[in-house]
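A.B. asks: Residue numbers (the numbering used here), protein chains in the order written: chain A, 1 to 114; chain B, 115 to 229.
It should be emphasised that the hints constitute simulated quantities derived from the structure, not laboratory data. Mixed in with the good hints, there may be bad ones.
Said to hold, decoys possible - Far from chain A, some chain B residues (derived; all Cβ distances over 10 Å):
hint	residue
1	E172
2	P193
3	K221
Stated by the list, open to error - Computed list of lysine to aspartate or glutamate pairs in EDC-like fashion (alpha-carbon distance at most 20 Å, straight line):
hint	chain 1	residue 1	chain 2	residue 2
4	A	K9	B	D198
5	B	K168	B	D138
6	A	K102	B	E156
7	B	K119	A	D40
8	A	K102	B	E129
9	A	K9	A	E75
10	A	K57	A	E75
11	A	K102	A	D40
12	B	K185	B	D169
13	B	K185	B	D138
14	B	K221	B	D198
15	B	K182	B	D145
16	B	K170	B	D145
17	A	K102	B	E172
18	B	K168	B	D145
19	B	K185	B	E156
20	B	K119	B	D138
21	A	K102	B	D173
22	B	K221	A	D40
23	A	K102	A	D1
24	B	K119	B	D169
The beta carbon of each residue, even a glycine, is placed where N, CA and C say it ideally should be.
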Amino acid sequence: DSGVTQTPKHLITATGQRVTLRCSPRSGDLSVYWYQQSLDQGLQFLIQYYNGEERAKGNILERFSAQQFPDLHSELNLSSLELGDSALYFCASSARAGEGEKLFFGSGTQLSVL
Amino acid sequence: DQQVKQNSPSLSVQEGRISILNCDYTNSMFDYFLWYKKYPAEGPTFLISISSIKDKNEDGRFTVFLNKSAKHLSLHIVPSQPGDSAVYFCAAKGDSGGSNYKLTFGKGTLLTVNP
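Given these sequences and hints, build the entire structure.
C.D. replies: This is the structure we're talking about:
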């Protein structure tokens, strides 16, 4: 158990809908990262938050947004969903913003867009 | 543009033998490299890492080698065990955009260790 909790584990929805994925980092970790893993891709970095502030942005679509709350949990919002958004979404946390090398991953949310 | 490449989608090895997983990268700004292991229905877990100032790092049965001139790293598992069967991701830290906080991952290699 990595200590990172992601909910829900599975999500099935329809095109055009909006969903929210939730992540609780390890106790004491200030940095949260979101990654997307689709069938033919590796883990694609989406976005990073550190202590409530956006720190780095990757290949995140404009239809996607995220935030980190004062209690350090994070949410990834995906809107106007398309079939191609079906993927495994991972959240990871680390103690400090520069400790990207020690990421602890949750077990992921499997999103299926039908 | 795939900056971290794992060209072998899968590898099958006999128990007790050596497993060698390879990774190539294109970005010379990468300064830290990691291997993660992933079992089905679980998130990736950190396995071993190496700084760009070193060429080898060893941790038990796992050794990572870095060849900076060739922009190549490899993970050696000796001896391989059935429990090592998993997807292995190569990852690198640092990018040309100046952000030093994200990891760039390869697509992974599925290792199967046969009893």
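A.B. asks: It remains to establish, for every hint, whether it holds in the given structure.
C.D. replies: Taking the hints in turn, this is what the structure says about them:
No beta-carbon of chain A is positioned within 10 Å of the beta-carbon of E172 (chain B); the least distance is around 17 Å. Against the 10 Å criterion, P193 (chain B) stays outside the reach of chain A, whose nearest CB is about 27 Å from its own CB. For K221 (chain B), the requirement that its beta carbon stay farther than 10 Å from each beta carbon of chain A is not met, with the minimum near 4 Å. Between K9 (chain A) and D198 (chain B), the direct Cα distance comes to roughly 25 Å. Violation of the 20 Å bound is thereby established for this hinted pair.
As the CA atoms of K168 (chain B) and D138 (chain B) are separated by approximately 16 Å, the hinted pair is consistent with the 20 Å bound. With a C-alpha separation of about 17 Å, the suggested pairing of K102 (chain A) with E156 (chain B) holds against the 20 Å cut-off. With a C-alpha separation of about 13 Å, the suggested pairing of K119 (chain B) with D40 (chain A) holds against the 20 Å cut-off. Proximity of K102 (chain A) to E129 (chain B) is assessed by CA-CA distance (about 29 Å); at most 20 Å being required, the pair is judged violated.
A hinted pair counts as satisfied when its Cα atoms are at most 20 Å apart, and K9 (chain A) with E75 (chain A) qualifies at roughly 14 Å. With a CA separation close to 15 Å, the supplied pair K57 (chain A) and E75 (chain A) stays within the 20 Å bound. For the hint pairing K102 (chain A) with D40 (chain A), the CA-to-CA distance comes to about 25 Å; that exceeds 20 Å, so the pair is violated. About 11 Å separates the Cα atoms of K185 (chain B) and D169 (chain B), which keeps this hinted pair within 20 Å; it holds.
Taken as a hint, the K185 (chain B) and D138 (chain B) pair is honoured in the structure, with Cα atoms around 6 Å apart against an allowance of 20 Å. At roughly 18 Å between alpha-carbon atoms, K221 (chain B) and D198 (chain B) fall within 20 Å of each other, so this suggested pair holds. Annotation: proposed proximity of K182 (chain B) to D145 (chain B) holds, straight-line Cα distance about 10 Å (limit 20 Å). For the given pair, K170 (chain B) sits about 14 Å from D145 (chain B) by alpha-carbon distance, which is consistent with the 20 Å threshold.
For the proposed pair K102 (chain A) and E172 (chain B), the alpha carbon gap of about 17 Å is at most 20 Å, so the pair holds. Pair hint K168 (chain B) plus D145 (chain B) holds up; C-alpha atoms about 10 Å apart against a cutoff of 20 Å. Under the criterion of a C-alpha separation no larger than 20 Å, the hint pairing K185 (chain B) with E156 (chain B) is inconsistent with the structure, at around 30 Å. About 5 Å separates the Cα atoms of K119 (chain B) and D138 (chain B), which keeps this hinted pair within 20 Å; it holds.
The straight-line distance between the Cα atoms of K102 (chain A) and D173 (chain B) is roughly 16 Å, inside the 20 Å bound, and the hint therefore holds. Taking the CA atoms of K221 (chain B) and D40 (chain A), the gap is about 8 Å. The hint holds against a cut of 20 Å. Of the pairs offered as hints, the one joining K102 (chain A) and D1 (chain A) holds, with about 15 Å between alpha carbons and a cut-off of 20 Å not exceeded. About 19 Å separates the Cα atoms of K119 (chain B) and D169 (chain B), which keeps this hinted pair within 20 Å; it holds.
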